[in-house]
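Novice: Now for the letters of each chain:
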Amino acid sequence: MTAVRQESGRTALPSVASVYRSRASVELKEFFRQRESVVFTLMLPVLLLVVFGAVLDFDLGSGVSFTQYFMAGIIAAGILGASLQNMAISIATERSDGTLKHLAGTPMPKSAFFVGKVVQVLAVTVAIIAVLLLIGVVFYGIDLPSGGDWLTFAWVAGLGAAACTLLGIAISSLAKNGRSASATVTPFALLLQFISGVFFQFSEIPTWMQTFASFFPLKWMAQGLRSVFLPDALAASEPAGTWELGRVALVLALWCVAGLVLCVLTFRWQDRGSR
Amino acid sequence: MAAVADRPRPGDPLDPDAAISIRGLAKRYGAFTAVDGLDLDIHRGEIFALLGPNGAGKTTTVEICEGYRGRDAGEVRVLGEDPADGARAWKARLGIVLQSGGGDSQLSVRELVRAQASYYPDSRNPDEVLELVGLTEKAGVRSRALSGGQRRRLDVALGIVGRPTLLFLDEPTTGFDPEARRQFWSLIRSLRDLGTTMLLTTHYLDEAEALADRVGVITRGRLAAVSVPSALGGRETAPAVVSWTEGGARRTEATATPTAFVRDLAARFDGEVPDLAVARPTLEDVYLQMIGEAGR
Numbered sequence: 004m005t006a007v008r009q010e011s012g013r014t015a016l017p018s019v020a021s022v023y024r025s026r027a028s029v030e031l032k033e034f035f036r037q038r039e040s041v042v043f044t045l046m047l048p049v050l051l052l053v054v055f056g057a058v059l060d061f062d063l064g065s066g067v068s069f070t071q072y073f074m075a076g077i078i079a080a081g082i083l084g085a086s087l088q089n090m091a092i093s094i095a096t097e098r099s100d101g102t103l104k105h106l107a108g109t110p111m112p113k114s115a116f117f118v119g120k121v122v123q124v125l126a127v128t129v130a131i132i133a134v135l136l137l138i139g140v141v142f143y144g145i146d147l148p149s150g151g152d153w154l155t156f157a158w159v160a161g162l163g164a165a166a167c168t169l170l171g172i173a174i175s176s177l178a179k180n181g182r183s184a185s186a187t188v189t190p191f192a193l194l195l196q197f198i199s200g201v202f203f204q205f206s207e208i209p210t211w212m213q214t215f216a217s218f219f220p221l222k223w224m225a226q227g228l229r230s231v232f233l234p235d236a237l238a239a240s241e242p243a244g245t246w247e248l249g250r251v252a253l254v255l256a257l258w259c260v261a262g263l264v265l266c267v268l269t270f271r272w273q274d275r276g277s278r
Numbered sequence: 495m496a497a498v499a500d501r502p503r504p505g506d507p508l509d510p511d512a513a514i515s516i517r518g519l520a521k522r523y524g525a526f527t528a529v530d531g532l533d534l535d536i537h538r539g540e541i542f543a544l545l546g547p548n549g550a551g552k553t554t555t556v557e558i559c560e561g562y563r564g565r566d567a568g569e570v571r572v573l574g575e576d577p578a579d580g581a582r583a584w585k586a587r588l589g590i591v592l593q594s595g596g597g598d599s600q601l602s603v604r605e606l607v608r609a610q611a612s613y614y615p616d617s618r619n620p621d622e623v624l625e626l627v628g629l630t631e632k633a634g635v636r637s638r639a640l641s642g643g644q645r646r647r648l649d650v651a652l653g654i655v656g657r658p659t660l661l662f663l664d665e666p667t668t669g670f671d672p673e674a675r676r677q678f679w680s681l682i683r684s685l686r687d688l689g690t691t692m693l694l695t696t697h698y699l700d701e702a703e704a705l706a707d708r709v710g711v712i713t714r715g716r717l718a719a720v721s722v723p724s725a726l727g728g729r730e731t732a733p734a735v736v737s738w739t740e741g742g743a744r745r746t747e748a749t750a751t752p753t754a755f756v757r758d759l760a761a762r763f764d765g766e767v768p769d770l771a772v773a774r775p776t777l778e779d780v781y782l783q784m785i786g787e788a789g790r
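If you read the sequences in order, they're chains A and B. Start counting at 1 in the first sequence, then tack on 3, and there's your number in my numbering. Start counting at 1 in the second sequence, then tack on 494, and there's your number in my numbering.
Isolated chain A, as found in the complex:
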């Protein structure tokens, strides 16, 4: 009797939008309640800004301090952490601990998982940028962008975060678990930060390292953000002599496409070893 009532009581599946909301809420709680992720992803860039801002306060010419230059770089590095590093490590962890397999066995639309992750990346990215700007303005006299620079800021950050999120999801499929993802991605991200114009001026870096950095998104994100934070007079000290915003958009868009293709080809809901 109960069995019959159980089956006839079925109603329509919940709307996709309501599952998206549910997953977004889950992902926000998962990130902001985990001390390690908040410290490493959110607080590390803040700490670096505080230390570099206090120590490396020299003049770059045209009355611009290195802190102003560093602001662009540390925001780019913050976006990289919120998207690529965060996605690669968290999804690899969730794959190896069975969370993904569990979700794949429910009627949750698969797209809802990715929507939840995108909402998480957006929230963390906005939080990092807001905190860095606040500290920069209050303690280090950073000049905020003006007028059309905000628009550039928005598309460079948005496109960069999109490319790095897709890339992070793709990389998660290569790692065995969260720890091995972290062990691979964290040093590589640090390396990129050193050679992409985050901690040092990009123009001071040897040409072959500049060339290597040019294959990856971080260099282009930092360059695009320098056009936002630095006066146009300083574009002359860029390797190309200009901000190359068209090329910034092109490279980041290509990484979006490449990342998406890699995600589609490699994404797995289960551990490779399980059977």
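Hints listed in this document are in silico derivations from the structure and should not be mistaken for laboratory results. Hints should not be assumed to be uniformly reliable.
FRET-style restraints, in silico, Cβ to Cβ [to be verified]: (1) A732/B <-> V19/A: 55 to 61 Å; (2) D62/A <-> R638/B: 48 to 54 Å; (3) R676/B <-> R24/A: 39 to 45 Å.
Idealized CB from N, CA, C, for every residue including glycine.
Got chain A sorted already, so can you dock chain B onto it with the hints?
Specialist: Just chain B, lined up with the frame of chain A:
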């Protein structure tokens, strides 16, 4: 014997009324054949326990039914549909408790069950589910703070909050202490009373005997036997073993007529027979014999 007729033969048509109907199922991993021609029907409303040694094909068979794995040959229908098609509406009628539960979530027990409920069309009230599995007092706690047994009950809560017609339980009580296992059994029985069909895999034969309406034994990717637990391997007609002590030595006798044998013994001893015991083969005895034969 109903238990024998219950088992489909190779080539039989799929049973449209069964919760799960499997014909000629085969699955290979490279050179290793995990499932090798398996035929099985699981009826609606029953608890079916799948037994077998590690590597015999239990988990592969169950995961094909759950839609996690493809198959190389054969036909499978789960609640009338091919799991390989696995649409959302079909998944909404299943509950899956995997062998290993999820990881360390930052969400509380209640938040996890609520999130799970949000994926289903006709979910149970999360607080009622927590009451049913006995986790009401832990509702506000994060999952990593739970003990192993509580964690497993959370896995069951997540498996049943969608009001499944068919519930898969893969080794649900591994690592439980005896008391926790008894509590878990009564939870499973109350789910049966609600009309839920269950496919259970377990290494514990007492668990299969206590819960299952029928058991199936898988060895080397094939179903070696299907039966009610009390009749597995001809257990109910197998010779009983009578043992006693006589002249300072332990004596045993296997006999098809234990009552008559004991009557004779009693006459011979003129009173109590020292250390008398009459034993039927346990489920474990016949199971070990079955998998032993398959191994040779």
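Novice: State for each hint whether it applies.
Specialist: Each hint, compared with the structure:
1. For the hinted restraint 55 to 61 Å between A732/B and V19/A, the CB-CB distance of approximately 57 Å keeps it satisfied.
2. Judged by the Cβ atoms, the range 48 to 54 Å given for D62/A and R638/B holds: they are separated by roughly 51 Å.
3. One distance hint, 39 to 45 Å for the beta-carbon pair R676/B and R24/A, holds here, with the actual separation near 40 Å.
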